[in-house]
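Asker: Here are the chains, one letter per residue:
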Amino acid sequence: MFTKKNWLLISLLLIGIGAIGAINVLLHGEHVLGINNQVPWGILIAGYVFFAVSSTGVGLISSLGHVFGFTRFELLGRRALLVSIILLLCGFGVLGLELANPFNLIYILLSPNFRSPIWWMGAFYGLYLILLFAEFYYSLHNDHKKVKPIANVAFITKLAAVSNLGVVFGMLHSRPFWQGPYFSLYMILTAILSGSAILAIIFYLVGEKGGQVAYRGEHIVISLGKILVAALFITAIFTFWKLITSIYGGVPGKYEAAIALLKGPLSLKFWLFEIIAGLIIPIYILFKYQFQPAKVFLAAILAMIGVLFMRMDFVFAGQIIPLRVIEGALSVPYNTYVPGWSEWALILGAIGVTIFLYIIGEQKFKLDVQVEEEYHDQAGNLVSGKAPLNN
Amino acid sequence: MARFAMLIDASRCTGCNACRIACQMQWQLPPERYFNRLEHRERGIYPNAKWEIVPIQCMHCDNPPCRDVCPTGATYKRTDGIVLIDSKKCIGCKYCLAACPYGVRQINENGVPEKCRFCAEYIIEGIMPPCTSTCMNEVRVFGDLDDPNSKISKLMAKKEVYQLLPEKGTKPRIYYVKK
Amino acid sequence: MVRVSRRTFLKASALAGVASSLPLMVNFNDFARAAQEAPITKIPTMCNGCSSTCGKYVYIKNGRVWKVEGNPINLKSSGKLCARAHGMAADVYGLGRVTQPMKRIGEMEFEPISWAQAFEEIGNKLYEIINEHGGNSVMWLGHGGKEHYASTFLDEIGSANYVTHYATCFSSKTNVWDRMVGTMLNSDFDNANYMLFVGRNFAGGIIPGVMNRITKAKERGAKVVVVDPRYCELAIIADEWIPIRPGTDLALFLGIAHTLISEKIYDRSFVTNYVYGFDEFWSANKDFTAEKAAEITGIPAEKIREIAREMAANAPKAFLDTGYHGLHAHYANSTQIAMMNVVVNALLGNMFQVGGLMPSAGITLGHVETPQREIPEKGPRADGAGVDDEYPTVEPSRGIPQIVPDLIKKGRIKALFIYHYNPLRTAPDPEYQKGLKEADLVVSIPVDWNETSLYTADYILPESYYLERTEPPKVISGFIAHAYPQIAVRRQAIKPIHNTLPLLDILKGITAAAGYYNLYPFTVEEEIKASVKPLNIAPELLMETGCLEFPASVQPGFPMKDGKPALNTFTGKVEFSIGAFKLYGRQGVATWVPPLVMPNGEDEFRLIHGKQPWHSHHFTCNNPYLMAISDKYNGTWLWMNKTRAEKLGIKNGDLVTISSEKATKEIRVKITELLHPDCVWIPSAYGGFSEKLKTAYQEGINYNDFIPARVEPLSGSVMGQEVIVKVRKGGNS
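Protein chains in written order, with the working numbering: chain A, 53 to 443; chain B, 6 to 184; chain C, 451 to 1183.
Worth flagging that the hints you see were computed from the coordinates, not collected in a lab. Don't take every hint at face value.
Said to hold, decoys possible - Computed beta-carbon distance windows for the label pairs:
1. B:N68 x A:A282: 37 to 47 Å
2. A:P304 x C:T491: 47 to 57 Å
3. C:R1178 x B:K163: 45 to 55 Å
4. B:Y167 x C:R1178: 24 to 34 Å
5. A:P374 x B:Y127: 50 to 60 Å
6. B:N53 x C:R670: 25 to 35 Å
7. A:L320 x B:T84: 49 to 59 Å
8. C:E1096 x A:Y300: 24 to 34 Å
9. A:G68 x C:R1178: 46 to 56 Å
10. A:P374 x C:A988: 32 to 42 Å
11. A:V303 x B:D67: 23 to 33 Å
Unchecked claim - Below, a sample of chain B positions facing chain C; criterion: calculated Cβ distance under 7 Å:
12. N22
13. I26
14. P36
15. P52
16. W56
17. M141
18. S158
19. V166
20. Q168
Ideal placement from N, C-alpha and C gives every residue a C-beta, glycine not left out.
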């Protein structure tokens, strides 16, 4: 099932769908998007957040090796860097198509507004991308002297980037559901969630094909699964308190947004995809099967589907409640936003591009990392070198 | 230096929408794009009910969130207080639409936000914004707060006024007459 | 620098082909550039967004209409304009216009023909009809206005059948005021201290100059009271809204009159000196107390007395506004309502008084001298207006438009000219009105593809849009008391963009082809010259200003001649009793007449209607700018009182089925506390069913769908609100 050919076919199919969507957006512009003046940000922004945060998350998990010296995570090294680069490029790609005038991005440099969180977002993620390329380059050339300091700077940069991404929303005093520092922390947390899930998916497949995935005889996916379950748990707690604090006291704007998630127009996406498929079932699988790599793989896929919908719910919940300028004014209960087909196509296309580029990357680059370790061989002697997988 | 502002007496507005369409003609906007909107509110229970209408447009805030969030400075505030958009610099991120608590920005066919411009190009020639001049009930008074002899300065001195959503810290340049 | 974004660049090639036919809007940057470059011309003219004909300036840029602005001198506009004035200016480029003469070749099919062919064929047919059936078989059916062109033609052929839309609008008012006062008086908003508006929403059926005066009056402390089943837009600025059971306004007026008289607070010297028939009125209405009025109207008796007392206290600077469409074509008792309007104001003694009711200043315009023609004797009016055994008290000058299909069926009318009028949508019962097509010749002269033209006309002869034509000057009058006479002119702002003609040229063509040579031996320029000749002004002055004001010609005080009251009535006084009504066996004074129908039961409502501030007649509904306002504010929805809606399980925004004996329709509902529980309300403009008018097509419903074509016997009105509808939740299926 998971043959390279099948993956290629799937990715090309998704890319094809995405390409049609992209052409439609390029030809007809803004109005093929479902966005409107009440809901200016749609699923492309959600998609951008999905990819950018996932990229950072993959980076954060791999920092455990590079930066914090947990040797087993050194295994993730080049693959994590590669997938981080690809995810970020896809994120930028989706954002680029969402922007009406991407050519004007030059004014980010020519006419910067340092008060704008989006300006900082561009700065941090731009820097992050450069650092990722550098780190990947030196990593491929085994120039560890250079990799280490770059990784340190990159770690700070990605924390800045991902928490700032939360602030992009948190700075909006006009949107009570988003406003505040909560989403800054939430972004870091869910970055770890999606980072561990993506790496679990990749390393499970790498292992299936005989790549190096074991450290001291233990499948790295087991460790990733443990991080994932922790992240899922904390996310569940975060989500719970966010909703409770939003409902408690019925604060205008927050309350209605929370209700929209719980029993309003967002409730199906929220309960079915974000909570049940994205949190509850993965947690259940992970515990029930004691982090067996194949089950971690399954849980990670479900968690990623959950994260995708989580991003959509998050982006839409902030805008679904009509602005209350005049107390008691007649208004629709909820703003409406129906994504255009091109928007869905672009999200699928970006996922396709991620898979496709990753396959190419696997072919082009030598991604296996030799992790020096000591282990007991079958005869019981302590040896140094690459340990075989013993599960 | 001029300090342009507007005083709106919402209690005089009877909802005819002449302001909306006069502005659309002035700026040649398509039918579905408008810089003036009316918020309607019903109060009380029949037969002791009331209908109130409040005109809303860009507040030309002294602390405009739309300007703060704009990554390229495409949204800027002139020294006379008018908040404008330099569409040349706009990347189309729509952050300003998300940031405006009054919901007055509208995306145009090029993905660039537009909004009330206080008729910047015309008022310097002494022409009143058409939303103001076409209004049969004279709901709006536009003028220069730095000119003590302007109609708006005189009225502001006489009437009790308020601003919309002061808690957002935006310091709007549009004032409303308290009933 | 021309900036091309990625998308506009990609779109550019696709757009290049249609760029020349784009509507007037372009994107802002292009526009700003054009604005800097293009010279602007400003042309004064008169609006036609409704029939109030405000004065306005049209700004022309690059040969196109850019925007409009109110003429500050013109009384109607006073420098202000409403939404329609702006929207309908843009409509000169509208997609609903008929762009050249059309001839019917099938059920809904037309072929374009030349003007020459149109004149030739219509002229020949008209000649045949007049030869065979006489000139009286020809009818001119119009909205009203530009009568002099039509009457020249009708006089020539000997037809009495000039019919206006007025019976669908306000005919009981004109009928009664002419008989009781001999003239029309208007509210003196500038000087009144107390204004009572009953069924008259100046903020919906807008005259900007009037609203401006009312808000200014409020500012200086005048009291404004609005009586209306619906909290209409005027009520927003009023001191008080008093909801009334629809159809019972007559009782309110009788109650006010009773209070004024029984409490002896009416103006006794005015009544003694200037009123005829007071005793007859009082003896017929002695028992109609405020309590009785309260029982019928649902307004507390104390409130009715309060109104009467406050008006008396402020008299003569107090008035009951003389009204317009509201109440004057609505009910079986509309004629009595109009009579009571005169009575209440006369009891206040406010007529010809500052701050009360005053005449509009007039001035006499000149006419082109044309050779005397031999005029044949006219036959009886086909609609029976003013005809002894038909509708003797209905004004023949206005006619009964709603029954024209019957007149065609009876063979009285063979050729029908419909000018700027759309009875299929704006008169009762559209299915019945479709019978207009049975006439041997139906010629419609519209600007747009209205329902009447599409369904009934054999020929459609498009008139040039109002911005494309010049018309002879008019004296401004109506609704505003003013001492200074004004004249205004409609002046061509742009050249016709389609193959259209002004009415004068159309009539010249048709009449000449029918054998009436040189019936209009003048041009419009000559008419203008002749019009202003007696005023000693140069026509150029009028053309450059669009509107001129002359020195005051009206003084307060009752018109007297040789020491006697000199109104244009039999007695020279205000006549509370109408002799003509008595002559035809009716009561001479107004007394209580119940409405024709009353709602009864949980799902029954009286269907009432009114103007929305951004639509006037149905024709504004095809304007994309004005319809975008309807979209934004759910303008097509049916209003329903909240308590009644709750009983029927109807929520805001629900789809309901509404039906009368005539029609069953679906519409969404606005639930509100701002409406009397007995009725549902819809704006009067919607319900388009001409497929050629894409923007208006199937948007909302129209009250005319639900009412039969009836005639109120005294004044001929349609009784547009004498209809009960049943409303139930859910759609038709």
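Asker: Taking the hints in turn, state whether each one holds.
Answerer: Each hint, compared with the structure:
A beta carbon spacing of about 42 Å between N68 of chain B and A282 of chain A agrees with the range 37 to 47 Å that was offered as a hint. Distance hint for P304 of chain A and T491 of chain C: a CB-CB separation of about 51 Å, consistent with the stated range 47 to 57 Å. Between R1178 of chain C and K163 of chain B, the C-beta spacing of about 54 Å keeps the proposed range 45 to 55 Å intact. For Y167 of chain B paired with R1178 of chain C, a C-beta distance near 45 Å fails the hint of 24 to 34 Å.
Separation of P374 of chain A from Y127 of chain B is about 32 Å and departs from the stated range, judged on CB atoms against 50 to 60 Å. Checking the proposed 25 to 35 Å range against N53 of chain B and R670 of chain C shows it holds: the Cβ atoms sit about 27 Å from each other. A hinted range of 49 to 59 Å holds for the C-beta pair L320 of chain A and T84 of chain B, which are about 51 Å apart. Take E1096 of chain C and Y300 of chain A: their Cβ atoms lie about 31 Å apart, and the range 24 to 34 Å holds.
At about 51 Å, the CB distance of G68 of chain A to R1178 of chain C agrees with the hint of 46 to 56 Å. For P374 of chain A and A988 of chain C, the hinted distance range of 32 to 42 Å is not satisfied, since their beta carbons lie about 58 Å from each other. A beta carbon spacing of about 26 Å between V303 of chain A and D67 of chain B agrees with the range 23 to 33 Å that was offered as a hint. Satisfaction of the interface hint for N22 of chain B is found here, the shortest Cβ-Cβ separation to chain C being roughly 4 Å, below the 7 Å cut-off.
Interface restraint check for I26 of chain B: the shortest CB-CB distance to chain C comes to about 4 Å, inside 7 Å, so the restraint holds. For P36 of chain B, the shortest C-beta to C-beta distance to chain C is roughly 4 Å, which falls under 7 Å, so the interface hint holds. Hint status for P52 of chain B relative to chain C: holds, with the closest Cβ pair at about 5 Å, below 7 Å. For W56 of chain B, the suggested interface contact is upheld, since its CB lies about 5 Å from the closest CB of chain C, less than 7 Å.
Checking M141 of chain B against chain C by beta carbon gives a least distance of about 4 Å; that is within 7 Å, so the hint holds. Annotation: interface hint on S158 of chain B violated; nearest CB of chain C at approximately 19 Å, more than 7 Å. Nearest Cβ of chain C to the Cβ of V166 of chain B: about 17 Å, over the 7 Å cut. The hint is violated. This hint is violated: Q168 of chain B has a C-beta 22 Å from the nearest C-beta of chain C, more than the 7 Å allowed.
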